[in-house]
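Undergrad: Residues per chain, in single letters:
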Amino acid sequence: MGNIGGGLVFLVFALVTVFSAYLVISSRNIIHSALFLILTFIGVAALYAMLDADFLAMVQLLVYAGAISIMVVFGVMLTLRGGPENSNGDTRNAIGGAIAALLTFVVLGMVIFTNSAWLTTGTGISGGSTVSDVSWLLLTKYVVPFEVAAVLLLVAMVGAIILAKGVDDSK
Amino acid sequence: MLFCFGLYGVLAKKNAIAVLMSLELMLNAVNINLVAFNHFLYNQTYDFNGVKHAILTGHVSALFVIVVAAAEVAVGLALVITIYRNRLSTDIDELDWLKW
Numbered sequence: 001m002g003n004i005g006g007g008l009v010f011l012v013f014a015l016v017t018v019f020s021a022y023l024v025i026s027s028r029n030i031i032h033s034a035l036f037l038i039l040t041f042i043g044v045a046a047l048y049a050m051l052d053a054d055f056l057a058m059v060q061l062l063v064y065a066g067a068i069s070i071m072v073v074f075g076v077m078l079t080l081r082g083g084p085e086n087s088n089g090d091t092r093n094a095i096g097g098a099i100a101a102l103l104t105f106v107v108l109g110m111v112i113f114t115n116s117a118w119l120t121t122g123t124g125i126s127g128g129s130t131v132s133d134v135s136w137l138l139l140t141k142y143v144v145p146f147e148v149a150a151v152l153l154l155v156a157m158v159g160a161i162i163l164a165k166g167v168d169d170s171k
Numbered sequence: 001m002l003f004c005f006g007l008y009g010v011l012a013k014k015n016a017i018a019v020l021m022s023l024e025l026m027l028n029a030v031n032i033n034l035v036a037f038n039h040f041l042y043n044q045t046y047d048f049n050g051v052k053h054a055i056l057t058g059h060v061s062a063l064f065v066i067v068v069a070a071a072e073v074a075v076g077l078a079l080v081i082t083i084y085r086n087r088l089s090t091d092i093d094e095l096d097w098l099k100w
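Residue numbers (this note's numbering), protein chains in the order written: chain A, 1 to 171; chain X, 1 to 100.
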């Protein structure tokens with residue numbers, strides 16, 4: 001990944017991802033925001049693929065660009081009142097939010113660029129599929145968190161259905 | 001940078017669904033960080049039956065983050081839809097009541 005071509009491809013994908021993320025938060029129309037969110041997810045998946053994380057790239061495409069985007073678009077369409085224009089404004093504390101985000105950015109940048117020791121270490125894991133390695137860790141060392149995550153997902157889905165559907169005798 | 005855009009969105013957006021989207025941006029930024037650290041720093045292998053495998057703790061952590069993010073976005077959207085049904089609005093500036 002150290003060659004010029006790899007760096008150029010990384011730069012292109014990173015720019016696409018960051019620019020579409022900027023459009024997500026700056027777009028006035030929330031439907032445009034949702035669509036640029038999908039583009040951001042696809043860019044992140046490309047970055048995963050460039051980091052030799054092929055399994056995670058596929059999971060990202062399926063879960064984020066597939067499922068979560070659909071849910072977000074559904075949520076937008078169910079709660080949109082009036083036209084989609086100007087449906088994505090800022091709150092009254094937008095200035096404070098911008099300052100906090102900028103400060104976080106500066107602090108993170110200082111941390112990253114002052115500790116130059118780990119900027120270029122490592123050459124990366126050589127190719128091959130990561131599926132078997134991920135599954136080995138997931139089913140031996142992290143088997144309890146794996147099961148807990150499965151139960152969490154189930155409970156969250158049931159809870160989401162109950163919340164959105166509503167209990168009969170509550171109203 | 002992605003994280004900071006997400007942070008701005010969480011703090012500054014008016015529509016509750018936009019806040020959820022910004023949260024997703026932040027989680028994605030953290031995931032990229034986990035995978036990149038695994039790729040560039042934690043470059044270790046183990047020997048299993050004579051075959052070299054990579055230790056991918058960062059990938060597993062990112063997977064858990066994805067699972068939790070999916071659960072969170074489902075519950076969040078359900079909450080937003082419920083609030084919208086009751087108040088006909090998703091504007092978080094108006095959601096400053098503690099009871100009906």
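Any given hint might turn out to be false.
What follows is a set of in silico ranges between Cβ atoms, one per label pair, in the way DEER data are often shown [unchecked claim]: (1) Asn86(X) / Val106(A): 37 to 43 Å; (2) Asn86(X) / Ser135(A): 42 to 48 Å; (3) Val9(A) / Phe37(X): 17 to 23 Å; (4) Val68(X) / Ala98(A): 23 to 29 Å; (5) Arg85(X) / Leu11(A): 14 to 20 Å.
Output of the computed footprint for chain A on chain X, the stretches with three or more beta carbons under 8 Å from beta carbons of chain A [claimed, not checked]: (6) 19 to 26; (7) 29 to 39; (8) 62 to 75; (9) 78 to 84.
Don't read these hints as lab results, they were simulated from the structure.
We put the beta carbon where it would ideally sit given N, CA and C, even for glycine.
Undergrad: Measuring from beta carbon to beta carbon, are Arg85(X) and Leu11(A) in 14 to 20 Å?
TA: 45 Å, violated
Undergrad: Using the C-beta atoms of Asn86(X) and Val106(A), is the stated range 37 to 43 Å upheld?
TA: 41 Å, holds
Undergrad: Cβ-Cβ distance between Asn86(X) and Ser135(A): within 42 to 48 Å?
TA: Roughly 44 Å apart at Cβ, these two residues keep to the hinted range, so it holds.
Undergrad: Taking a Cβ-to-Cβ distance below 8 Å as contact, does the stretch 78 to 84 of chain X have at least three residues touching chain A?
TA: Answer holds; 6 residues pass the 8 Å Cβ test.
Undergrad: For the stretch 62 to 75 of chain X, do three or more residues have a beta carbon lying closer than 8 Å to a beta carbon of chain A?
TA: Holds: 13 residues of the stretch 62 to 75 of chain X have a Cβ under 8 Å from chain A.
Undergrad: Could you tell me whether the CB distance from Val68(X) to Ala98(A) stays inside 23 to 29 Å?
TA: Distance hint for Val68(X), Ala98(A) holds at roughly 27 Å.
Undergrad: Indicate whether the distance between the beta carbons of Val9(A) and Phe37(X) respects the range 17 to 23 Å.
TA: 21 Å, holds
Undergrad: Are three or more residues of the stretch 29 to 39 of chain X within 8 Å, CB to CB, of chain A?
TA: Our answer is that it holds, as 6 residues pass the Cβ test (under 8 Å) against chain A, meeting three.
Undergrad: Three residues minimum, CB to CB under 8 Å: does the stretch 19 to 26 of chain X make the cut for coverage by chain A? Let me know.
TA: Answer holds; 5 residues pass the 8 Å Cβ test.
Comparing the model with each earlier hint shows a violation of hint 5 alone; every other hint is respected.
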